[in-house]
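J.: Each chain, written out:
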Amino acid sequence: MFSRDETSKQIAKALFSEYGLTPVFCDSHEMSTSQRPGKVIILNWESSFKEGRDPMMNVFQLYRGHFALLDKQMREWKPEKRGDLFQPGYKDRFTWYTTIFALLIGMLGIISIITSIISAVTGIIQMNAALAAIPHG
Amino acid sequence: MRLEVERGCAFRRLGILANYNSGVAHVDLRLIFIRSPGVTTPRNAMTSVIGDRCDIGECLPTDETVEDCRARLSRIVAKQKQCYGSPRPSPLTLGPLMPLWLDADFLYRINYGPGTREDAAHMWDSIMRPIVLRKRKRVQLTLLDRRLVDKLFHAVFKKGSQPPILYSDWDDAKESQTSFPSDQLISPFDYRSHDVYTALYRWCEEFVVQYVWRSDYSSQIFAAKRPPMSAVALDIILLVRYLARLPHHPERSLADRFRKFVRKQSLHSISIGENFDFEWACRGYLWDLYNIVVLYGLTENGLDKYSPKLRDVQDEAQFVRVTWIEHAKFPGGDTLGIECPVDLDYRKEIYGSLADMKASFICSGPFKLALTTRLSDHLTMKDRKVLLYCDKPSKTRRDRGHIPGAGYYGPLTRHILGTYGHLISLMIDY
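Those protein sequence lines, which keep their order, are chains R and Y. Per my numbering, residue 119 is the first one in the first sequence, and the count goes up by one each step. Per my numbering, residue 55 is the first one in the second sequence, and the count goes up by one each step.
Calculated directly from the structure, the hints in this document are not laboratory data. Every value quoted in this text rests on a predicted model; they were computed, and no experiment measured them. Hints should not be assumed to be uniformly reliable.
Partial selection, computed: residues in chain R whose CB lies under 8 Å from chain Y [said to hold, decoys possible]:
id: 1; residue: ASP123
id: 2; residue: SER126
id: 3; residue: TYR208
Simulated pairs of lysine to any residue, SDA-like, Cα-Cα distance not exceeding 25 Å [stated by the list, open to error]:
id: 4; chain 1: Y; residue 1: LYS402; chain 2: R; residue 2: GLN191
id: 5; chain 1: Y; residue 1: LYS436; chain 2: R; residue 2: ASP202
id: 6; chain 1: R; residue 1: LYS199; chain 2: Y; residue 2: PHE415
id: 7; chain 1: Y; residue 1: LYS212; chain 2: Y; residue 2: THR116
id: 8; chain 1: Y; residue 1: LYS422; chain 2: R; residue 2: VAL142
id: 9; chain 1: R; residue 1: LYS209; chain 2: Y; residue 2: SER418
id: 10; chain 1: R; residue 1: LYS196; chain 2: Y; residue 2: SER414
id: 11; chain 1: R; residue 1: LYS127; chain 2: Y; residue 2: SER414
Output of the computed footprint for chain R on chain Y, the stretches with three or more beta carbons under 8 Å from beta carbons of chain R [unchecked claim]:
id: 12; stretch: 405-411
id: 13; stretch: 417-423
id: 14; stretch: 428-434
We put the beta carbon where it would ideally sit given N, CA and C, even for glycine.
Go ahead and model the full structure; you've got the sequences and the hints to work with.
T.: Right, dumping it as structure tokens:
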């Protein structure tokens with residue numbers, strides 16, 4: 119969970135700092151030499167899965183049910199609050215990005231309509247002012 | 055004053071159970087069990103400490119004569135007093151003191167009986183009340199006979215496990231090479247309070263003093279006289295040996311296991327008469343013993359107020375609690391609070407990739423990660439946080455780095471039930 123990319127490692131650092139621990143990422147054969155006070159030992163992903171293969175649920179005998187449920191909860195998450203509308207879910211993020219892009223385009227369109235109306239109104243006002251300034255003769 | 059039942063634990067998943075049909079495996083709602091660890095000992099709750107004490111029955115030593123046992127305890131107490139120095143408390147003395155009341159005869163009475171309710175009350179007042187009410191540190195003095203401690207240790211942990219210093223006798227000539235006091239122990243019969251293995255027999259001792267000798271603890275199960283410490287310790291040994299002998303398959307409910315255990319074994323602490331309430335014994339007393347066996351902790355499920363016969367089930371939390379052992383399967387993770395959120399029969403059919411189960415991906419969405427010190431919460435969701443178990447690092451363990459889960463899993467890897475995979479044989483891999 120934590121050893122597969124740099125961002126995850128940074129998350130681990132922030133998370134374990136709550137307990138005053140600093141994560142150390144090591145292979146299984148390095149565990150004994152990596153143990154230091156105040157360090158939390160996290161095994162590198164590659165040491166558990168050959169050639170960096172994707173982990174499978176069936177590897178986890180006791181926790182595969184938990185992973186399945188978590189995976190399902192992640193996939194099926196839907197916005198519940200207004201703030202959630204701007205939160206990308208885990209499934210089909212292309213749709214979320216498309217929606218956000220469409221929203222941006224829509225907002226730009228609304229802004230352009232508003233500015234058009236404003237420019238039209240100011241144009242009319244300027245025209246009326248110009249007409250009023252012409253001496254009647 | 056109300057007793058605090060761990061409602062959060064019992065109900066934490068109710069919100070996510072509705073209409074659950076997994077995409078990877080069929081999930082039957084009726085088969086999702088909610089871990090309820092029972093009622094844990096509320097160290098600061100007055101409700102758990104009120105109660106009269108009972109007289110203590112008798113359970114004679116099994117492998118030595120009464121005279122030999124008394125003589126051995128005399129040698130132990132003499133050595134303890136020698137190590138602790140003057141038994142008289144002095145206001146100038148900052149170190150621990152030898153309790154004035156502790157003598158060989160008293161030690162024999164609480165271990166093997168018969169004893170009076172005053173003995174039981176005295177134990178409560180001297181040992182447990184300061185801990186429960188004033189949150190004082192537990193005295194290091196051992197009260198359970200160290201010969202029983204030795205038996206208990208070797209019954210629960212695998213051969214080859216190095217026991218904490220376990221002297222069950224003292225021979226000045228033979229033991230003269232050993233120097234006490236040490237930096238950790240004052241006498242050779244003290245607890246090493248930071249050692250995880252001591253929890254087993256310390257809880258056994260405290261369980262008897264705090265609960266078994268109370269008049270409102272399983273009063274329908276016990277006779278007027280309550281079992282001494284040795285009887286409870288011997289029954290814990292019987293229970294763990296019985297569980298270790300069970301085949302790995304099929305998994306059966308804990309209640310079923312307990313019922314068979316009570317019927318098959320001749321227990322030292324309870325006598326089974328005609329109207330013996332097997333159900334209540336399983337749900338209360340035996341469940342409490344079991345929680346000690348699996349190093350879960352002190353629980354008070356056997357108090358009369360939780361008896362289904364004496365009081366109707368009032369709410370859902372209580373129902374979940376009192377029926378938990380009917381659902382929890384043994385062997386299996388259920389019994390340690392690692393209950394599977396899907397039916398065990400379907401669990402084997404769950405396949406799929408965990409490529410996305412990495413911290414960066416989880417935190418990029420609405421869910422976040424958080425640590426928990428409760429094993430039963432590992433890899434569960436709470437308030438949009440995925441909880442990961444990590445025991446807090448021990449302040450006294452300075453010689454090595456912290457392996458997440460080692461605090462809990464460490465002793466379990468040497469647990470006798472672990473040999474069958476009854477408990478667990480894995481580390482928390484992040």
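J.: Work down the list of hints and note, for each, if the structure agrees.
T.: Each hint tested on the structure:
no. : hint                : result
1   : ASP123              : 5 Å, holds
2   : SER126              : 4 Å, holds
3   : TYR208              : 5 Å, holds
4   : LYS402/Y / GLN191/R : 20 Å, holds
5   : LYS436/Y / ASP202/R : 17 Å, holds
6   : LYS199/R / PHE415/Y : 21 Å, holds
7   : LYS212/Y / THR116/Y : 23 Å, holds
8   : LYS422/Y / VAL142/R : 21 Å, holds
9   : LYS209/R / SER418/Y : 12 Å, holds
10  : LYS196/R / SER414/Y : 19 Å, holds
11  : LYS127/R / SER414/Y : 8 Å, holds
12  : 405-411             : holds (count 7)
13  : 417-423             : holds (count 6)
14  : 428-434             : holds (count 3)
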